[in-house]
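2 protein chains.
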Amino acid sequence: MPEPIRIPADVARDAAVDILAAHGVPAAQAAQVAAALIAADLRGIDTHGLACLKDYVAALDEGRIKAQPKIAVTRRFPWAATVDADNGLGPLAASEGMRLAVEAAESFGIGAAAVIRSNHFGAAGVYAAMAAEKGCIGIVAANASAVAAPHGAATPLLGTNPLAVAVPAGNQPPLIIDMATSEGSRKKVRKALDEGRPIPAGWALGPDGRPTTDPAAALKGVMLPFGGAKGSALCLLVDVLAGVITGAEFGGRVLSVMTNQERESGNGHFMLAFKADAFIAEADFVRRMEEEIARLRALPAAAGFDAVAYPGERSAKKRADRLASGIPMSAALIDGLVALGGGRLLSGGRG
Amino acid sequence: MPEPIRIPADVARDAAVDILAAHGVPAAQAAQVAAALIAADLRGIDTHGLACLKDYVAALDEGRIKAQPKIAVTRRFPWAATVDADNGLGPLAASEGMRLAVEAAESFGIGAAAVIRSNHFGAAGVYAAMAAEKGCIGIVAANASAVAAPHGAATPLLGTNPLAVAVPAGNQPPLIIDMATSEGSRKKVRKALDEGRPIPAGWALGPDGRPTTDPAAALKGVMLPFGGAKGSALCLLVDVLAGVITGAEFGGRVLSVMTNQERESGNGHFMLAFKADAFIAEADFVRRMEEEIARLRALPAAAGFDAVAYPGERSAKKRADRLASGIPMSAALIDGLVALGGGRLLSGGRG
Numbered sequence: 001m002p003e004p005i006r007i008p009a010d011v012a013r014d015a016a017v018d019i020l021a022a023h024g025v026p027a028a029q030a031a032q033v034a035a036a037l038i039a040a041d042l043r044g045i046d047t048h049g050l051a052c053l054k055d056y057v058a059a060l061d062e063g064r065i066k067a068q069p070k071i072a073v074t075r076r077f078p079w080a081a082t083v084d085a086d087n088g089l090g091p092l093a094a095s096e097g098m099r100l101a102v103e104a105a106e107s108f109g110i111g112a113a114a115v116i117r118s119n120h121f122g123a124a125g126v127y128a129a130m131a132a133e134k135g136c137i138g139i140v141a142a143n144a145s146a147v148a149a150p151h152g153a154a155t156p157l158l159g160t161n162p163l164a165v166a167v168p169a170g171n172q173p174p175l176i177i178d179m180a181t182s183e184g185s186r187k188k189v190r191k192a193l194d195e196g197r198p199i200p201a202g203w204a205l206g207p208d209g210r211p212t213t214d215p216a217a218a219l220k221g222v223m224l225p226f227g228g229a230k231g232s233a234l235c236l237l238v239d240v241l242a243g244v245i246t247g248a249e250f251g252g253r254v255l256s257v258m259t260n261q262e263r264e265s266g267n268g269h270f271m272l273a274f275k276a277d278a279f280i281a282e283a284d285f286v287r288r289m290e291e292e293i294a295r296l297r298a299l300p301a302a303a304g305f306d307a308v309a310y311p312g313e314r315s316a317k318k319r320a321d322r323l324a325s326g327i328p329m330s331a332a333l334i335d336g337l338v339a340l341g342g343g344r345l346l347s348g349g350r351g
Numbered sequence: 352m353p354e355p356i357r358i359p360a361d362v363a364r365d366a367a368v369d370i371l372a373a374h375g376v377p378a379a380q381a382a383q384v385a386a387a388l389i390a391a392d393l394r395g396i397d398t399h400g401l402a403c404l405k406d407y408v409a410a411l412d413e414g415r416i417k418a419q420p421k422i423a424v425t426r427r428f429p430w431a432a433t434v435d436a437d438n439g440l441g442p443l444a445a446s447e448g449m450r451l452a453v454e455a456a457e458s459f460g461i462g463a464a465a466v467i468r469s470n471h472f473g474a475a476g477v478y479a480a481m482a483a484e485k486g487c488i489g490i491v492a493a494n495a496s497a498v499a500a501p502h503g504a505a506t507p508l509l510g511t512n513p514l515a516v517a518v519p520a521g522n523q524p525p526l527i528i529d530m531a532t533s534e535g536s537r538k539k540v541r542k543a544l545d546e547g548r549p550i551p552a553g554w555a556l557g558p559d560g561r562p563t564t565d566p567a568a569a570l571k572g573v574m575l576p577f578g579g580a581k582g583s584a585l586c587l588l589v590d591v592l593a594g595v596i597t598g599a600e601f602g603g604r605v606l607s608v609m610t611n612q613e614r615e616s617g618n619g620h621f622m623l624a625f626k627a628d629a630f631i632a633e634a635d636f637v638r639r640m641e642e643e644i645a646r647l648r649a650l651p652a653a654a655g656f657d658a659v660a661y662p663g664e665r666s667a668k669k670r671a672d673r674l675a676s677g678i679p680m681s682a683a684l685i686d687g688l689v690a691l692g693g694g695r696l697l698s699g700g701r702g
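If you read the protein sequences in the order shown, they are chains A and B. Quick note: the first sequence, position 142, residue 142 per our numbering, numbers continuous. In our numbering, each residue's number is its place in the second sequence (first place is 1) plus 351.
Derived from the structure by calculation, the hints contain no laboratory data. Since this is a predicted model, take the numbers as computed values, not measurements. Incorrect hints may appear among the rest.
Where chain A lies over chain B, by a calculated footprint (3+ residues, C-beta under 8 Å) [said to hold, decoys possible]:
#1 374–380
#2 398–404
#3 439–453
#4 457–467
#5 600–610
#6 624–630
#7 678–684
Pair ranges (Cβ atoms, derived) [unchecked claim]:
#8 Glu62/A - Ala671/B: 50 to 58 Å
#9 Ala671/B - Ser330/A: 34 to 42 Å
#10 Val689/B - Glu133/A: 53 to 61 Å
#11 Ala645/B - Thr74/A: 24 to 32 Å
#12 Thr213/A - Ala567/B: 43 to 51 Å
#13 Lys317/A - Asp672/B: 49 to 57 Å
Ideal placement from N, C-alpha and C gives every residue a C-beta, glycine not left out.
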């Protein structure tokens, strides 16, 4: 495999803006989407950064996502916004949703946004982190097209259904939890098949509806939520929060932005932000979070671990590295982005 | 094993009130605690119902829990209450916390309570269900004494740390998720050892800090959160919500009510309640929840399952059965409760 090329974050972001603008997205909206995707790349979530632009642009070009949506916000309570994304780009609607939730939290101590008629939004943790940057605890739940069977079922109903939570942590990087509530992905199963490895127990059922570690059987069967019955309950809860309560599609009716043809994807996002000083003084909260992290990091490591890390710690290190040295991108990714309108990547890489 | 004896729910509840009153708890408070414990028994969570009274009474008698706490409520925002439980019984403080959260939700659409200086509170789902009974989505997180090592660590920092969510579901029983975020329990490991069975992968590390399925090695090692790194992140999140943000103990400093001697247990609970009609019309919400459940239940079952059930469905059936036919209790449990002051159980059983 050739070495990836390091692209400075600002060059990558500007290239993303160019690409989106070239496909009809107004400049201000393009900047918001690019910022969300770059935030994922910076944290090392390469599958949810600029790599998403290929599918986004295809959907824009084919009219399956609106390049110039009219986002509409309504409220039933001062702290709660419903954001109609008008079938625009997911990162745009999600950024707007969390912005509104944080804005409300700054006035009322708590704020929420229910985002409907949205699309794939990249990495959930990016929007939770937006809240933490403003001193709020941020929670994000989003539903997605059906890939996983609920516990006890043999066919899919639930999506990857990400759940993310970010908590500011004073002089430490924020705690950022960002997880798909379904286990593994068919992509990873295909990789295991190619490499002749079994998949971990709990990832999938075979075509006979029984648990399997055989990747070939898993590909003919169905993926599962993570963590057995408990993870399945959480995966369902994400669909309830992001789909049922918001007014978005739910219960297996969300479509993938890669395949939706006859109707909108219908993704829903649920965003919650609140201030810890609703409960304790801000200074106490900060001191206690720092202490929580210090106690966790001081634990002796288990076999196979160098040290005990908290969620968000490694991605913060990656972010610092990538801000300093650029975002590593494969030549294939760069070529693809250049073809979409990101020509400035060719001159901006540091090699 | 002899057949359990079925005790009518009202007899069991009155016996619990008698027991608590005999050990110094005022009548009104005893009724609240008894109601919470019976609610767990009715849902089939026998370990978190009247079976808890033995430890509670011991703690009351030894002064480790206050029989007549002065619960104090303060607010920094109208929707947010901090409840100082004054080291009283956990079910009392938790019931009061969720009552206040629901009360605020009825005025503002959302309400929360941070409960500090509390104790073991029984089943988290009981308090989440209190919210659902009032038409609110209820979320409960509680921390507990350290039993589980966070992902990558070799020693305990996190408790069973229950997380519960209840969502009203119209003409269906509410969705009730109620899970320990740590996997298994040492009690279950001891049972596996007695029965010569291995424990499931992912439950524990052995004394060498490596994953084990050998119950003997697990008992010398440490238990783990459920679901690998993702479950560990959630178990930590529960400690942050219930401990760090509330002002309670956290980070391994909560004590068990069975063993605390030198200081209070210091348990914290985080309670959130909100109305779906903050986002969509109540009637739409109800119709959509019913539809979500109908779609899930209509899925073909996996091998080994008769049908696909949603979280809360089985416990609702159990509740209906036990309300009609009584709560099954072992003779040993009944004898123990009679010895604590629950004499009316002897005449109330239906045999």
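Results for each hint:
1. 374–380: Violated - the segment 374–380 of chain B has 0 residues with a Cβ nearer than 8 Å to chain A, which falls short of three.
2. 398–404: This one is violated; 0 residues, fewer than the three required, reach chain A with a Cβ under 8 Å.
3. 439–453: Since three or more residues must qualify, the claim that chain A covers the segment 439–453 of chain B is violated, with 0 doing so at under 8 Å.
4. 457–467: holds (count 5)
5. 600–610: holds (count 3)
6. 624–630: holds (count 5)
7. 678–684: Result for this restraint: violated, n = 0.
8. Glu62/A - Ala671/B: 50 to 58 Å: Holds, since Glu62/A and Ala671/B (Cβ atoms, about 52 Å apart) stay within the stated range.
9. Ala671/B - Ser330/A: 34 to 42 Å: violated (58 Å)
10. Val689/B - Glu133/A: 53 to 61 Å: At roughly 58 Å between Cβ atoms, Glu133/A and Val689/B fall inside 53 to 61 Å, so the hint holds.
11. Ala645/B - Thr74/A: 24 to 32 Å: holds (28 Å)
12. Thr213/A - Ala567/B: 43 to 51 Å: Given range 43 to 51 Å: violated, Cβ gap about 26 Å.
13. Lys317/A - Asp672/B: 49 to 57 Å: holds (54 Å)
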